[in-house]
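J.: Here's the letter readout for the chains.
There are 2 protein chains.
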Amino acid sequence: MTEVKAILFDVFGSVVDWRGSLIAELGAFGATRGITADWTGLVDRWRQAYAPSMDRVRKGELPWTVLDDLHRSSLDRIIDEMGIVGLEETDRGHMTLGWHRLRPWPDSIAGLTRLKTRFIIGPLSNGNIALLVNMAKSAGIPWDVVFGSETFRHFKPDPEVYLGAAAQLRLAPSEVMMAAAHNHDLAAAQKLGLRTAFFARPTEYGPLQSRDFAATGAWDVVARDIEDLATRMGC
Amino acid sequence: MTEVKAILFDVFGSVVDWRGSLIAELGAFGATRGITADWTGLVDRWRQAYAPSMDRVRKGELPWTVLDDLHRSSLDRIIDEMGIVGLEETDRGHMTLGWHRLRPWPDSIAGLTRLKTRFIIGPLSNGNIALLVNMAKSAGIPWDVVFGSETFRHFKPDPEVYLGAAAQLRLAPSEVMMAAAHNHDLAAAQKLGLRTAFFARPTEYGPLQSRDFAATGAWDVVARDIEDLATRMGC
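Chains as they are written, first to last, in my numbering: chain B, 36 to 270; chain E, 36 to 270.
By construction, these hints were calculated from the structure, which means they are not laboratory data.
Among the clues, some could well be false.
Cross-link-like lysine-lysine pairs, in silico, DSSO-like; alpha carbons within 30 Å at most [said to hold, decoys possible]:
(1) E:226 with E:40
(2) B:40 with E:226
(3) E:40 with E:151
(4) B:151 with E:40
(5) B:172 with E:172
(6) E:94 with B:94
(7) B:226 with B:151
(8) B:151 with E:151
(9) E:226 with E:94
(10) E:94 with B:172
(11) B:151 with B:172
(12) E:172 with E:151
(13) B:40 with B:172
(14) B:94 with B:226
(15) B:151 with E:172
(16) E:94 with E:151
(17) B:40 with E:151
The following label-pair restraints were derived from C-beta to C-beta distances [claimed, not checked]:
(18) E:55 with B:188: 49 to 59 Å
(19) B:63 with E:228: 45 to 55 Å
(20) E:227 with B:76: 55 to 65 Å
(21) E:222 with B:90: 57 to 67 Å
For glycine and all other residues, C-beta sits at the position ideal for the given N, C-alpha and C.
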């Protein structure tokens, strides 16, 4: 483990609480716009559309599309399906940018700040660069570098993302650690020779959570959260 | 100017003092290795090789090559030309990584830290990502995002670099300001619709400096240094 030079993080669910953030934001936004809707249901449907929308790009059914645009396209469909009325173009744009304003879990900033003292830290996320940069600005996340799917024009778990980040840092895969609350992300990274760190986020999906309550692979580090990861990494 | 959301910086010469840093580093390194050479001459030749080496890539004479590798190739040639003996493979690797350890000008960190409170700040440099990230770690530069030539697989002044950064930030060119101590960099940015800020670094090239003592274009802001730029940008 002394070999690790950079720790790259999954972001949605691992560093930030997308569900709690969006439910709170959309509820408040709906109130100011005088629109009542099942915002929790909308958020859950929105996230359910996430992996299938990226898979359409990964399989070549869609040309390269950044996550902001996939989010917007899914949102329009869900608004129609749920029969929500009164959401104008600017409203939909504002809602989509809600993904740029997600709040970190309570341990994230403190843990990342400690890790930054000894390691290069960055996101390795399916988000696009503007989303990740704006999120870091609003949440105070002290990344050293910002890697998104857009950097490599591939979505995780395509190998190009993990190996591309190591190559841009001029590090061997074994010098890079992937840190995430999702076992499948770590499985893809480990297969390519990266180090792996898991910490559970058991409330990420609320009552819909069905997996990732615990480590299911032989990860290099299993921590309680990002603060605990910092401790285990000697920071 | 209220429209500007991001300020992107040229790095070599504008944010960091490559010449002073490398002369000091190589002098100390040569002493520990017991090798005497005209290190100042070597540094000046090394920088003179910079633009021609990138132009070979820009013209298609070389395939895409990151700056670290161009630097190393130029160094090997210059060592031969100067007849310096005793520099082994590991020495040459260490010397090339000297570009990752360049020191900021005295105003750079304070000015950037102030600008970061109101703007997205990042490098827009011909350096590769590892070089820029390692430099930021060692010098304490608080970038929000790291854009290098490698991000776009083009070197400045190719338009892909300036427009690619604006696109990744999902900003219009007029919402992005290019900040540099080099008039030609700003001319390329302005032509594409970016805002521009100039500050002189009259000692960048030491006695070899022949230009960029003052603004030669109609730049949006002309400042004394990066601290003064922060003041002029309301930070």
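J.: Now look at each hint and say whether the structure bears it out.
T.: Checked hints:
1. E:226 with E:40: Holds - the C-alpha atoms of residue 40 of chain E and residue 226 of chain E are around 19 Å apart, at most 30 Å.
2. B:40 with E:226: Not satisfied, since the Cα-Cα distance of roughly 40 Å exceeds 30 Å.
3. E:40 with E:151: 11 Å, holds
4. B:151 with E:40: It holds: about 26 Å lies between the C-alpha atoms, which stays within 30 Å.
5. B:172 with E:172: Holds, at about 18 Å.
6. E:94 with B:94: 34 Å, violated
7. B:226 with B:151: 26 Å, holds
8. B:151 with E:151: With a Cα-Cα distance of about 18 Å, the restraint between residue 151 of chain B and residue 151 of chain E holds, given a limit of 30 Å.
9. E:226 with E:94: It holds: about 21 Å lies between the C-alpha atoms, which stays within 30 Å.
10. E:94 with B:172: With a Cα-Cα distance of about 38 Å, the restraint between residue 94 of chain E and residue 172 of chain B is violated, given a limit of 30 Å.
11. B:151 with B:172: Roughly 16 Å between the alpha carbons, so the hint for residue 151 of chain B and residue 172 of chain B holds.
12. E:172 with E:151: 16 Å, holds
13. B:40 with B:172: 24 Å, holds
14. B:94 with B:226: 21 Å, holds
15. B:151 with E:172: 9 Å, holds
16. E:94 with E:151: 36 Å, violated
17. B:40 with E:151: Holds, at roughly 26 Å.
18. E:55 with B:188: 49 to 59 Å: 39 Å, violated
19. B:63 with E:228: 45 to 55 Å: Violated, since residue 63 of chain B and residue 228 of chain E (Cβ atoms, about 36 Å apart) do not stay within the stated range.
20. E:227 with B:76: 55 to 65 Å: 44 Å, violated
21. E:222 with B:90: 57 to 67 Å: Violated: the Cβ-Cβ distance is about 44 Å, outside 57 to 67 Å.
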